[in-house]
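Trainee: The lines below spell out each chain.
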Amino acid sequence: MSAGIAGALVMETCFESGVSVQLQKLSKSFESAAGEELSALSEIDLRIEPGEFVAIVGPSGCGKSTLLSMIAGLERPSTGILRVDDEALTGPHPRAGVVFQSDYLLPWRTILGNVLLPIEIKGLDLNKYRSVADELLVQVGLSGFASKLPFELSGGMRQRAAICRAIIQRPGLLLMDEPFGALDALTREQMVSDLQALWMRLGNTVVFITHGIDEAIFLADRVIVLSPRPGRIDLEVKIDLPRPRKWADAHLHTQFHQAMVDIRDCFERRGILHAENLEQPAVQT
Amino acid sequence: MSLADGLKQAAFKMQPSKEELARSSRLRRRRRTVIFERAAAPVLGAILILIWELVARYSGISEFVLPQPSLILKRMIADCPLLLTHAAVTAIEVVGGFTLAVVVGVAIALTIFYSRLLEVALYPILIAFQTIPKIALAPLIVLYFGYGWGPKLFLSFFISFFAVMVATVVAFKSIDRGYADLARSMGASELQIFTKIRLPAALPAIFGSMKVALTLAVIGAVLGEYVASERGLGYIQLQANSNFDTTLNFAAVISIAVLGVGLYLLLLAAERALMTGRRPSR
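Protein sequences, first through last, are from chains A and B.
Under our numbering, the letters of the first sequence match residues 1 to 285, in that order.
Under our numbering, the letters of the second sequence match residues 286 to 567, in that order.
Errors might be hidden in some of the hints.
[Stated by the list, open to error] Partial chain A-side listing against chain B, Cβ under 7 Å, derived:
id, residue
1, 30
2, 74
3, 88
4, 92
5, 100
6, 102
7, 108
8, 118
[Claimed, not checked] Okay, the calculated beta carbon distance ranges per label pair:
id, chain 1, residue 1, chain 2, residue 2, range
9, B, 431, A, 91, 51 to 61 Å
10, B, 321, A, 184, 35 to 45 Å
11, B, 556, A, 261, 53 to 63 Å
12, A, 60, B, 420, 25 to 35 Å
13, B, 560, A, 127, 19 to 29 Å
14, B, 321, A, 127, 31 to 41 Å
15, B, 412, A, 197, 48 to 58 Å
16, B, 337, A, 184, 54 to 64 Å
17, B, 373, A, 123, 40 to 50 Å
These aren't lab readings, by the way, just hints derived from the structure by calculation.
Here a beta-carbon is modelled for each residue, glycine too, at the ideal position from N, C-alpha and C.
Could you build the full structure based on these sequences and the hints that come with them?
Mentor: Shown next, in the form of structure tokens:
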């Protein structure tokens, strides 16, 4: 019976639509320790459609993370307007889930206890969501780990649990700040594919911050390239490769390659990447 | 299968394989190591006491200077009611002072953590207080608090709260702010962030500081008794000193140590009870 309820709750997620996110002339500046005004982001105009997967790439320090924490409602923009679902954002949005680069699992709670943390914080019915959590853990391949403590899991597994925690409430908006940045290449590849599958099932809006150009192109409907500080939108690339995309196949696609070339060109123009030097290095004597 | 074959096979099965033998010997070795480790402290303690006993008995040092452990033990048994009554007094002083230290220490730590203004205002003053040798305050404390529980509780508290406060501030400050951001993104209030994240995260460090504070609280209570008292193990020592009764003096010292270890074990038990389901340290 309880399995049936869990199934129904998870099924419900399929019909939940994502929310839209709208940024209008959004800027953010900080005051440095020396008292100078540092501009982190400058006049970002962006509309993210419901259910869209948007990846944001940019060099370190370009303000990508700041942009994400503003959309998460954790930081206020200095100027400009930020709307989620056509409503001005005043704090963390109840329909947003966040995944950071660190899993931030509480080390004294079991995996299940961690996944249920948002439910506990919002004062919702824990019993009802326990079966949802179990179901989610099974879906991400963590069945049998519900009662384990975080230290008993590998980095990839911990990040899976963190994703479960972010989506337990079927958020309309999933915000991910370099979620696979700390994982090894193989694990990352697997996580990227699994995230695609999960998103296709959930149908929510995703804003995905990353350093990895390939991972951005593979996952996203649209890749936004930010310039070095102060971050501005330098380039937008639409990716309409058919889904589900397969990691190896997608890379062979002309569109994938073209997007890769365009984004790298953009970085080269900004001096973030340097044109590849294919000459043999001089032999040291 | 013939009977002989069956027997042969049975015999073969009885014979443990090489791997089984290796495993069981490894297990045996590990068990032996554990036993050795458990026994290490008691054995070393026994050896030291034995040396003490032999030196005290055969070196010609007078009983007035260094009584034999056996004599001290006899005395402790004979004077058991006296020692217990006074130990109870000291125990109440220690527990009271220690509890005050934990409550006040954590409370001040929280105000310092949550208010930048209070931090810059309070911290220098608290550090200045901490640098005062507590014993220098003892006569003043007697002047203010009299001869009752006051000076003992106060000294016990005052000598031990700083450890709790500093460790708690550091523990709260060292929690990665990502945890708070995460909770906030879930719509958590400051109070929820405190109860669900900060406090449990700081708990191991707070317990660590409580262990330091407890041993200091014992020192504070006995110090208070030295200055002015009519009861407690420190008072027994003073009495013994003025009667040239070194054996009773030692008996009181050992009682203080036993009291301290006992309270420490209680604290460990409380810690273990609160930390069940956590990653075991070590």
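Trainee: Each of the hints needs a verdict: does it hold here or not?
Mentor: Hint check:
1. 30: Given a least distance of 15 Å, the restraint on residue 30(A) is violated.
2. 74: Constraint on residue 74(A) satisfied, holds at 5 Å.
3. 88: At 17 Å from the nearest chain B Cβ, residue 88(A) fails the 7 Å test, so the hint is violated.
4. 92: holds, 5 Å
5. 100: holds, 6 Å
6. 102: holds, 6 Å
7. 108: holds, 5 Å
8. 118: holds, 4 Å
9. 431(B) with 91(A): 51 to 61 Å: holds, 55 Å
10. 321(B) with 184(A): 35 to 45 Å: The hinted range 35 to 45 Å holds for residue 321(B) and residue 184(A), with Cβ atoms some 41 Å apart.
11. 556(B) with 261(A): 53 to 63 Å: holds, 60 Å
12. 60(A) with 420(B): 25 to 35 Å: violated, 56 Å
13. 560(B) with 127(A): 19 to 29 Å: Holds, since residue 560(B) and residue 127(A) (Cβ atoms, about 26 Å apart) stay within the stated range.
14. 321(B) with 127(A): 31 to 41 Å: Given range 31 to 41 Å: violated, Cβ gap about 49 Å.
15. 412(B) with 197(A): 48 to 58 Å: Because 57 Å falls inside the window, the suggested range holds.
16. 337(B) with 184(A): 54 to 64 Å: For residue 337(B) and residue 184(A) the Cβ distance comes to about 59 Å; the hint holds.
17. 373(B) with 123(A): 40 to 50 Å: At 46 Å between Cβs, range holds.
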